[in-house]
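Visitor: What follows is each chain in one-letter form.
Number of protein chains: 2
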Amino acid sequence: MIFQGEQHPGVNATPAETQGFRLNHTMLRIKDPERSLAFYSRVFGMQVMRRLDFEEMNFSLYFLAKLEESDNVPEDTEARTVWTFSQKGLLELTHNWGTEGQDDFAYHDGNAEPQGFGHICFSVPNVEAAQAWFDEHDVTFVKRADQGKMKGVIFVKDPDGYWIEVIQADRMAAMGD
Amino acid sequence: MIFQGEQHPGVNATPAETQGFRLNHTMLRIKDPERSLAFYSRVFGMQVMRRLDFEEMNFSLYFLAKLEESDNVPEDTEARTVWTFSQKGLLELTHNWGTEGQDDFAYHDGNAEPQGFGHICFSVPNVEAAQAWFDEHDVTFVKRADQGKMKGVIFVKDPDGYWIEVIQADRMAAMGD
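Read top to bottom, the protein sequences are chains A and B.
Residues 1 to 177 (full-length UniProt numbering) make up the first sequence, in order.
Residues 1 to 177 (full-length UniProt numbering) make up the second sequence, in order.
Derived by calculation from the structure, the hints in this document are not laboratory data.
Just so it is clear, the structure is predicted and the values come from calculations on it, not from any experiment.
Built from N, CA and C at the ideal position, the CB exists for glycine as well.
Hints may be right or wrong, so weigh each one.
[What the hints assert, rightly or not] One-sided and incomplete, this derived list gives chain A residues near chain B with beta-carbon spacing under 8 Å:
(1) L28
(2) K31
(3) N72
(4) T81
(5) F85
(6) T94
(7) D104
(8) F105
(9) Y107
(10) H108
(11) V127
(12) V139
(13) A173
[Stated by the list, open to error] Restricting the straight-line Cα-Cα distance to at most 27 Å, the calculated cross-link-like pairs of lysine-lysine (BS3-like) are:
(14) K88(A) with K149(A)
(15) K157(B) with K149(A)
(16) K143(A) with K143(B)
(17) K151(A) with K143(B)
(18) K157(B) with K143(B)
(19) K31(B) with K143(A)
(20) K88(B) with K149(A)
(21) K31(B) with K149(A)
(22) K31(A) with K151(A)
(23) K157(B) with K31(A)
(24) K88(A) with K31(B)
(25) K31(A) with K149(B)
(26) K31(B) with K143(B)
(27) K143(A) with K157(A)
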């Protein structure tokens with residue numbers, strides 16, 4: 001299916017072999033889990049679905065979801081794990097043990113050179129309310145809603161400096177016009 | 001809510017102010033849209049929901065979704081845009097015009113130094129069937145299902161070298177045991 005007005009190079013019909021494929025998560029390395037989990041839970045309302053510790057390899061993984069009221073998450077650990085890895089739009093945070101104590105240690109945000117990864121993005125019901133909420137939590141802004149060319153779009157930084165875009169879906173209709 | 005067996009530093013209750021927040025997309029810069037759109041549509045079954053061209057700034061954005069049978073995507077462009085930015089688990093590809101013609105141009109995958117972003121991950125119904133499908137399309141593997149410590153987990157590369165993890169949810173239950 002090609003949507004009206006969308007012309008793209010190299011796009012094929014959806015193959016049957018990809019049925020059931022879902023974009024489950026994005027993985028970012030973090031320096032300090034205490035700081036990052038506080039940020040993603042307090043500011044963005046995410047919850048840790050699974051924490052996995054790999055003691056032989058000295059790292060831990062945290063799988064975070066922003067749950068919806070309609071989500072029926074199993075309490076049992078195995079069932080919850082299967083549920084977690086069946087969802088869309090999760091965040092995986094990787095902590096290599098010990099980095100949190102190294103003063104000069106920092107991860108690369110992908111927007112400074114060398115560039116690659118750009119950002120993750122949350123859709124929110126009201127972008128001004130979100131901006132006020134971020135101010136209450138002393139979140140670092142890259143761009144406020146009234147700044148730059150893309151009015152109504154916010155960019156903030158997470159504790160490692162990764163960029164998080166924040167948008168309001170019903171104000172994006174005019175984008176690119 | 002803290003799930004059974006999950007102990008985490010710095011985690012708070014979900015604030016009401018974050019109701020309706022959704023992890024909408026992850027943005028990756030790409031060198032060549034023809035190559036990347038062919039890959040994500042043919043191999044992973046994604047479709048372009050919206051293409052936005054910014055002619056003054058010489059870049060284009062492609063918002064890709066892996067649709068489910070139950071998804072009811074509006075055909076009308078404005079309605080489809082609002083729908084797109086209300087979803088979870090999309091991929092945004094950013095093309096800065098002209099990079100596709102530069103022989104020595106490459107984006108940074110985040111796994112080589114300097115590290116940061118790690119990968120995106122698709123959940124699939126059957127990881128061996130997915131592996132055979134990737135072989136049919138000459139996809140580059142970082143790790144096959146039977147290699148390494150994490151059996152049953154695949155890592156492949158996209159055309160820019162970004163890592164894509166591929167997992168089967170019902171085989172992840174024993175992870176971290």
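Visitor: Looking back at the numbered hints, which does the structure fail to meet, lowest number first?
Guide: Of the numbered hints given earlier, those the structure breaks are 2, 3, 7, 8, 11, 12, 14, 15, 16, 17 and 22, listed in rising order.
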